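In the order they appear, the protein sequences are chains A and B.
Take the first sequence: its letters are residues 210 to 668, numbered as in our numbering.
Take the second sequence: its letters are residues 130 to 579, numbered as in our numbering.
Just so you know, not all the hints are guaranteed correct.
Sample of chain B residues facing chain A (criterion: CB under 7 Å; computed from the structure) [as the list claims (entries may be wrong)]:
#1 R183
#2 A187
#3 L212
#4 V216
#5 G217
#6 P258
#7 N266
#8 N269
#9 L443
#10 P451
A short, non-exhaustive set of chain A residues, derived as facing chain B with CB atoms under 7 Å [to be verified]:
#11 T212
#12 V220
#13 G299
#14 G338
#15 P372
#16 M373
#17 S526
Residues of chain B clear of chain A, computed beta-carbon distances all greater than 10 Å [what the hints assert, rightly or not]:
#18 G175
#19 Y191
#20 V270
#21 T297
#22 E382
#23 G418
#24 E419
#25 P467
#26 G562
For the record, the hints were derived by calculation from the structure and aren't laboratory data.
Remember, predicted model here, so these are calculated numbers, not experimental data.
Every residue, glycine too, gets a C-beta built ideally from N, C-alpha and C.
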Amino acid sequence: MSTVQDVNPRVRGIRAPVNLQGLSVKKPFKSVIDVSSGDPHKAGMPPISFIRQVMAVCLYPELLKEKSLPLDVRQRAQKLLDMCSGGSVGSYSTTSGGLPQVQKSISEFITRRDGGVPSHPEDIILTTGLQKSLSVFLNLLTSGEGKTQTGVLTPMPCPHTLPMLLDMTGLALVPYRLFEEQGWAVNLDELHRALEAGRVHCEPKAIYISNPGKPTGEQPIVGTSCTAFDLFYIRGLIVVTDEVHQDSVYGQDKEFISYKKVLSEMGKMYAETMELVSFHSISTAHIGEGGLRGGYMEVINIDPAVKKYLTVISSASVLPQLALELSVNPPRPEDSSYNSYTQVRGLSYGNNAKRACEFLNRVEGMSCQPSMAGLFLYPRVHLPPHIVEEAKRLEVKADVLYCQRLLREEGICVGAGCENGQEDKNYHIRLCILTPPSTLEEILARLRSFHHRLLEKLA
Amino acid sequence: MWNMKQLEYGALARRANQIKKELRQGVRRPYKEVIDVFQGDLHRAGMKPLTFVRQVLAACVYPPLINSSNLPLDVRQRAQEELGRCVGGSVGSYSAAPGIPEIIHSISEFIKRRDGGIPSHPENIYISPGSQWSISNILNVLVNREASPRTGVLIPVPCHNKTVLSITQLGAVAVPYYLSEEQGWALQVEELQRAHESAKGVCNPVALYVINPGNPAGYVQSQKSVLEVIRFAWEKRLFLLVDELYQDCVYGENCEFVSYKRALSEMGPPFSGTVELASFHSVSKGFSGECGLRAGYVELVNLDPAVMKHIHTLFSKDACSPVLGQIALNLMTDPPKPGDPSYLLYKQEIEQIRTVLVHSVKKVHEVVNSLPGFSCPPIEGGLFAFPRLHLTPKAIQKAKELGLQPDTFYCTRLLEEGGVFTGPGWEYGQKEGTYHIRYNTSRALFKVHH
């Protein structure tokens, strides 16, 4: 029988996930509120009716005759079914990287989004969601070990699933710090420093950027982006941008600017040679359908052989492609579903973020940068010495202990900053703020109560 | 044998897509549509989805349908149950990474029933978006890229290409064992022995990959054959990876699907407690045919708990499988029972599909064997025919001049001139000097056969 020694060392090396839910929970409260991951439906946000109605009809075409469903729903479903082989969502999608019509719609959407910068259907590859497609892409970069191991510049803090993914693909994580005091800004000098530091122990070949930031919610400043691009260009870095939170930009006077757009404005030399891959996902798009597992990537200036490989290897499920199609081509003002669709769309990220940030900044021992985008808030928590000591004794990280106690005593599940790569003594927690406002109030109240009790222990 | 071919795969598929596009745009060709018999895609071939499954899924996607009197009561109740297990009551939420616990439990019950009562443990089952994903994860655990000698995995020839791609991508060596075409593509232990021997000095074989029923070769292993393979795996300390996706597609007379798990258990000690086994199944084939929904599972047997821990971490780092796919998987393993309102229709639809498949396969076999230059053994199971092409030396020469494999050349001509899209044998592996094509048999009678 195989023993642990026989297990692939790379698999053995994956850091085990922090498993908070596994804890048995005493219950002085009615229910556990889990906001540790960006799952809007779990947090109580309703799915968008239009999307669900169309998908239901696609699944069970008999519903095309169902008069109680709006006409535009039925017409749209018919159009979508016509795109599917055998008129069924149960078929594989074609081998060209996705349903051709969906690739076209997405490229048109991107062109509109980027103010006319052209996007080509053959550069769009439909995927089964961010995690898998990122893993497939990064795998192509992997090579070498020790000093020749490929490295990826990674923001610190970074999305909580990224460190495990890098472990798995055998890539070295080269952290570049985001500056909390400056609203989590990307700093050019820091990028230089990180790159030099990285080159000592590995070969950095790519830079991973979250735009908007995950979990920090910042928007990279365009000015920095241009000079940063210079750096990437000179060092031959592939730019990998995780733009899955692009739909949730809410800061005042802010709008989402894609890295592709920035690249296009930098002149031919860059625009036609720099390698850029950007990712989007339906999990975090305004439609929030994480359970469907779908997304796309747009590949710019990537080697044709690599592109061919990526299209062959992706086998995106049909339904999420249809959901994507619907999200980039929503109902128009003259359609019957328009009103209900836009109502839900305008929901409260911005209000929640503002409210939560103000609230937490007033809690003693907590501080929070304003968030301008995304699903998360990433407040800093000042942990009293007794917690840090107890954590040492129990051999867990201090922020993990904090989260465990929070779950046990208040029934709130948040994410520990160490999962986001936060290795220093600046402890943070991560919470998804895309919840109904009443739920948010509940979360904030319980969090404050817990934190006060913790600090009181000192007295 | 495989490495450089990775990027050549799909050349025919892209051409087929191009032709389909041209036809849609009105370009004239000697045929009106491309008959696509390349993939094992039942819905594309014209098979209809099961009504019960689609009704439940639709109600799960749009819950107000649960109140619709147009849907049968059991459909509505079932949808309610399934949604009750989804986080936030929505199929749009993430589920636990290994899969929704109640569905995993349901799968373990299904396996137990199928295997005559032999227990199946939920903690040994993982759901993933399709069997290839699970196969890839398990291979990831077994293959050490940096090992010297390199890790080897024995694979059948012919074999469907995705698994082989996964193996080589991970840095392992695919060690071929040839199925015996003359004996209807039977798996012979002597050949396994030879293959294993051939690996000496080249790599260190750690696993044996078996497809039963076969793909693309349509054989179904007998009980005797299964036992022989298990014994061989035990002797050589090989991890058994068994792809049982086509377990519902068995049509040969006197043929029966024998599950490796059952056979292993019934062999008793020392085999039953030591041979490591991973068996794979999915909703893509069989009567569900829902390959677009992406859901499959793996059941692991006899693994060291410490190793299972790592497997658990590996599966946990993936985000969960599509929730709708998991529900479809549940419906496949826990279908309507006699007495349920949907039972009769469900049974009828399954019977219909089975009849058509059996008939298709017989027809394809007859037709293919009657064509000059073709020969094909009886197809006992699976969804494909893998007939042998007896090409003239002239044709082979022509192909070589064009820089193509002879069977690719044939398939290309078949596509361009006849509008039929099939798979060339070299993509699946074949004995040197022989040529084959792979053809999805289910299409034959679901649509009009040319």
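Outcome of the hint check:
| no. | hint | in the structure |
| --- | --- | --- |
| 1 | R183 | holds, 4 Å |
| 2 | A187 | holds, 4 Å |
| 3 | L212 | violated, 11 Å |
| 4 | V216 | holds, 5 Å |
| 5 | G217 | holds, 4 Å |
| 6 | P258 | holds, 6 Å |
| 7 | N266 | violated, 9 Å |
| 8 | N269 | holds, 6 Å |
| 9 | L443 | holds, 6 Å |
| 10 | P451 | holds, 4 Å |
| 11 | T212 | holds, 6 Å |
| 12 | V220 | holds, 5 Å |
| 13 | G299 | holds, 4 Å |
| 14 | G338 | holds, 6 Å |
| 15 | P372 | violated, 10 Å |
| 16 | M373 | holds, 5 Å |
| 17 | S526 | holds, 4 Å |
| 18 | G175 | violated, 6 Å |
| 19 | Y191 | violated, 4 Å |
| 20 | V270 | violated, 5 Å |
| 21 | T297 | holds, 13 Å |
| 22 | E382 | holds, 30 Å |
| 23 | G418 | violated, 6 Å |
| 24 | E419 | violated, 4 Å |
| 25 | P467 | holds, 24 Å |
| 26 | G562 | holds, 28 Å |
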